[in-house]
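Residue strings, one per chain:
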Amino acid sequence: MEAAPALVFSGVSKTFVAGGITVQALDGVGIQTQPARVTGLIGPDGAGKTTLMRLAAGLLVPDSGSIQVLGIDVVQQPLKVQVSVGYMPQRFGLYEDLSVQENLDLYADLQGVAKGERAARYRELMHMTGLAPFTRRLAGRLSGGMKQKLGLACTLVRPPRLLLLDEPTVGVDPVSRRELWAIVYRQVKDEGMSVLLSTAYLDEAERCDEVILMHQGKRLGQGTPASFSEPMRGRSFHVSAPSISKRTMQGRLSAVPGIVDAIIEGEQVRVVTLETCMPALPEDLANIRGLTTTPAEPSFEDAFIATLKGEQTPATPPVAAVNAHPVMSKTGGVDAVIKVQDLQRRFGDFYAVKGVSFSVQRGEIFGLLGANGAGKSTTFRMLCGLLPVSAGDVHVAGLDLRHAAARARGRLGYMAQRFSLYVDLTVLQNLRFFVSAYGLSRARAKQRIAWVLEAFELAAYANAASGDLPLGYKQRLAMAAALMHEPDILFLDEPTSGVDPLARREFWQRINALAESGVTVLVTTHFMDEANYCDRLVIMAEGEVLAEGTPANMKARFRSTETPDPTMEDAFIGLIEAHEKNGQGSTA
Amino acid sequence: MMPVAAKRMRLIGMIRKESLQILRDPSSIAIAFVMPVVLLLLFGYGVSLDARQVPLAMVVEQPDANTASLIGAFQRSEYFNPQSFDSIQAAQQAFDLHEVFGIVWLRNDFSRRLMSQGDAPIGVIVNGVDANQARITEGYIQGVWQSWLGNFAASQGIELRVPVTLEPRIWFNAAVRSRNFLVPGLIAVIMTLIGAMLTSMVVAREWERGTMEALMVTPIRIGEMIVGKLVPYFLLGMGGMLLSVAMALWQFDVPLRGSFWVLTAASALFMLVALGMGLLISVVAKNQFVAGQISIIITFLPAFILSGFIFEIGSMPEAIQVITHVVPARYYVAILQTLFLAGDIWPIILSNSAALVVMMVIFLGLARRKFHKRLDA
Chain A
1 MEAAPALVFS
11 GVSKTFVAGG
21 ITVQALDGVG
31 IQTQPARVTG
41 LIGPDGAGKT
51 TLMRLAAGLL
61 VPDSGSIQVL
71 GIDVVQQPLK
81 VQVSVGYMPQ
91 RFGLYEDLSV
101 QENLDLYADL
111 QGVAKGERAA
121 RYRELMHMTG
131 LAPFTRRLAG
141 RLSGGMKQKL
151 GLACTLVRPP
161 RLLLLDEPTV
171 GVDPVSRREL
181 WAIVYRQVKD
191 EGMSVLLSTA
201 YLDEAERCDE
211 VILMHQGKRL
221 GQGTPASFSE
231 PMRGRSFHVS
241 APSISKRTMQ
251 GRLSAVPGIV
261 DAIIEGEQVR
271 VVTLETCMPA
281 LPEDLANIRG
291 LTTTPAEPSF
301 EDAFIATLKG
311 EQTPATPPVA
321 AVNAHPVMSK
331 TGGVDAVIKV
341 QDLQRRFGDF
351 YAVKGVSFSV
361 QRGEIFGLLG
371 ANGAGKSTTF
381 RMLCGLLPVS
391 AGDVHVAGLD
401 LRHAAARARG
411 RLGYMAQRFS
421 LYVDLTVLQN
431 LRFFVSAYGL
441 SRARAKQRIA
451 WVLEAFELAA
461 YANAASGDLP
471 LGYKQRLAMA
481 AALMHEPDIL
491 FLDEPTSGVD
501 PLARREFWQR
511 INALAESGVT
521 VLVTTHFMDE
531 ANYCDRLVIM
541 AEGEVLAEGT
551 PANMKARFRS
561 TETPDPTMED
571 AFIGLIEAHE
581 KNGQGSTA
Chain B
1001 MMPVAAKRMR
1011 LIGMIRKESL
1021 QILRDPSSIA
1031 IAFVMPVVLL
1041 LLFGYGVSLD
1051 ARQVPLAMVV
1061 EQPDANTASL
1071 IGAFQRSEYF
1081 NPQSFDSIQA
1091 AQQAFDLHEV
1101 FGIVWLRNDF
1111 SRRLMSQGDA
1121 PIGVIVNGVD
1131 ANQARITEGY
1141 IQGVWQSWLG
1151 NFAASQGIEL
1161 RVPVTLEPRI
1171 WFNAAVRSRN
1181 FLVPGLIAVI
1191 MTLIGAMLTS
1201 MVVAREWERG
1211 TMEALMVTPI
1221 RIGEMIVGKL
1231 VPYFLLGMGG
1241 MLLSVAMALW
1251 QFDVPLRGSF
1261 WVLTAASALF
1271 MLVALGMGLL
1281 ISVVAKNQFV
1291 AGQISIIITF
1301 LPAFILSGFI
1311 FEIGSMPEAI
1321 QVITHVVPAR
1331 YYVAILQTLF
1341 LAGDIWPIIL
1351 SNSAALVVMM
1361 VIFLGLARRK
1371 FHKRLDA
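Chain order of the listed sequences is A and B.
Its first residue numbered 1, the first sequence is counted upward by one per residue in this note's numbering.
Its first residue numbered 1001, the second sequence is counted upward by one per residue in this note's numbering.
What the hints contain is simulated information worked out from the structure, not anything from laboratory work.
Among the hints, a few may not be true.
[Said to hold, decoys possible] Derived lysine to any residue pairs resembling SDA-like cross-links, with alpha carbons at most 20 Å apart: (1) B:LYS1286 to A:GLY93; (2) A:LYS80 to B:LYS1286; (3) B:LYS1007 to A:VAL83; (4) A:LYS80 to B:LYS1007; (5) A:LYS115 to B:LYS1007; (6) B:LYS1373 to A:VAL75; (7) A:LYS115 to B:ALA1006; (8) A:LYS80 to B:PRO1003; (9) B:LYS1373 to A:ILE72; (10) B:LYS1373 to A:GLN77; (11) A:LYS474 to A:ARG444; (12) B:LYS1373 to A:GLY112; (13) A:LYS115 to B:LYS1286; (14) B:LYS1007 to B:ARG1368.
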């Protein structure tokens, strides 16, 4: 006998009108979620996840269809639903000028938690979230992960029967992410809570009891994670060859017909095929010395990509070389193009970056990996000469940034975190603006614009307002703008944040092509899997570098009998834990 | 838990949260307590609508004892600072250079006409660029001239030909100090600032930071949310009001002729109107910048310009006079100026209060109806 479902959507549609354009956020969606289970809502940006959450919370009214939450019609009786539901919006609204305790008190008052029950509940929540030592601290002074845990604690102050979490783990460091998941599962086990959780991280899908796959406002499928990945059995492979670089290998494999997806995973290339066998490889690939192909355990991500890409092969249309002229010849040599020594940046009495050192070789893809607030963007802005350094040495392209910032800037391209484009200008107008900003000659400007439109497949959108482009295309345009003057060094600050997995794959192919042509690429990311695309990287936390090296040797440090094949996330968590242990040791 | 107890708990929780935020946010304190002081000092000391020591050119074509006596009268007046010029041309030059604000011209037949006809016309030119100042100056010149004529006639026993003798008696503000009506009027501006602008901006901040979305999915009712926001800002506004009144009485020596309690009651009423406007603005404006702009344009500026606080409503063009009827500050300024300068004149207080009650019901009612626990409504 099956218990009544926690949430039922039937035939729900919702459209928004913004600036004269109608957006179909949800299109006839029907779903049911099981009680006392964690249901994951998975889909790329713009799939309609947030709209679905808000509808369930009674914050929006559907255009058509009906929504039952815990057996109550939410359109008719939103207040009755809101008594039994806990909702944590994407940017959870903590009052940053209130302390941890005051935030808890407010939500306890609003949720009608009796005074007598509070002490015990607070103690439990603070223990669970590890916030007990910080109850008097202002919420605005907490780290990103701590804020997120406090948000969850506020939502749970009176245990709701249904918990709605909208992307609770975005931008949160892996340690806090793991803790958040542990808290959620404890609620399900101890309180029999039902949970609906949306996420853009595909690896989190496997932690859910059941998964709903969304795309462009439609429900593509629902089932256990295994029910998605099982049909993929026999279509996933690992390919490796010690004689060529994994990037080159990935680039070539993704051009092969019959291959749906090829991504770098650890030291190998993971391939998803159209049929249940490896397609015949072209001769130049098949003849590579030491090439081995082994079947791989199918993952949810394989299914996700295969479903979204459908029958489209090869994996991605071949990406044209991103720079017309290789830059290798300009100065030659393999000396360090970026050298950072004891770099510091202070804001008041707060050290955003404290003593960071690393160096980057020409043509390398160098990553800065860390959670939000680790100091990645601040380091970047100093390297680009956008922010004065408080102390330390920075040499970029052989120039001392403290004295020749302007000259150094002429040789680098910078793509800011929020794609600094003029949203009300068209694609072409934006490009024209950037060529004039870089002072390109008329003939060269014309040639570069024509090339960019072709290489980034933006020609079809040339006269569209940049603000109306899909996120993936905005990202392409921002990157194109940063490349107009053919820089030697390219800085990319969180280039894939919020971009769906398909666009992320394409983006990394362009980066690879750039690196092959000799451009040095520095990239920040909080996606652990993207670290594998880098030649070398540093892992940062609280303004410090925890480790520097290649992805392979970084992971190797955390190999043990329990985790014979550690992921980058395992390595990251290991480093953070070691760092915290040290920190406590030194302050005690 | 009993529904009533839960309701009270939610309300107290909201009020406490809102109060803590006010206490921790230096900008709310600044708007509530620093702004009033700055505005009061500025208007109390810096802005004056009185004519004092106005530079005046005196042109005497044929000096004699009579002209000397008239000039002496101008010199004794605290309103003027007369300077002698030999010819009207020289005086005009000084006038063009803004060295003098007006010219008094005594022609060569001044004494002859004074003695023979009992009527001694003088030529007066004033700079009309600042119409207010011009009218005041003109009036004062006339006053000096007529009182001198009267004295002259009395001393000579001559019948004057001037039809009416002006005997000025100014009521309510006998010293004619503009400060006495500017300072009370300012209280209306200050309370508009706290009630409408501060309130609309703090609600907009909740939208901006995403706290509103989380708040909406709690069992809180809209009414509780509104009252929870109103109470702390009401108290803050009344605090600003008390500060302003104290400064008016003890810093600027403005008299308070009416009852303090009537003043407090009328202020409380106006505060609710201002809060209603602030809440209504925040329904439309979901970010702090827009909320600030809208409240400056539709509440703060009208309270300044159209309330009768600086510019007399009776002397505005008729179309503008009609518009002033929808400016709540107009009614409050009328009450304030009456209470401070005249006393408890009930017909004025009651009729203006009635208008404020109507506006309070409209604004708070609309805010209550437009404020939804929905994002798309």
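For this session: Return the numbers of the hints above that this structure violates; sort them in rising order.
Result: The structure conflicts with hints 2, 11, 13, although it agrees with all the remaining ones.
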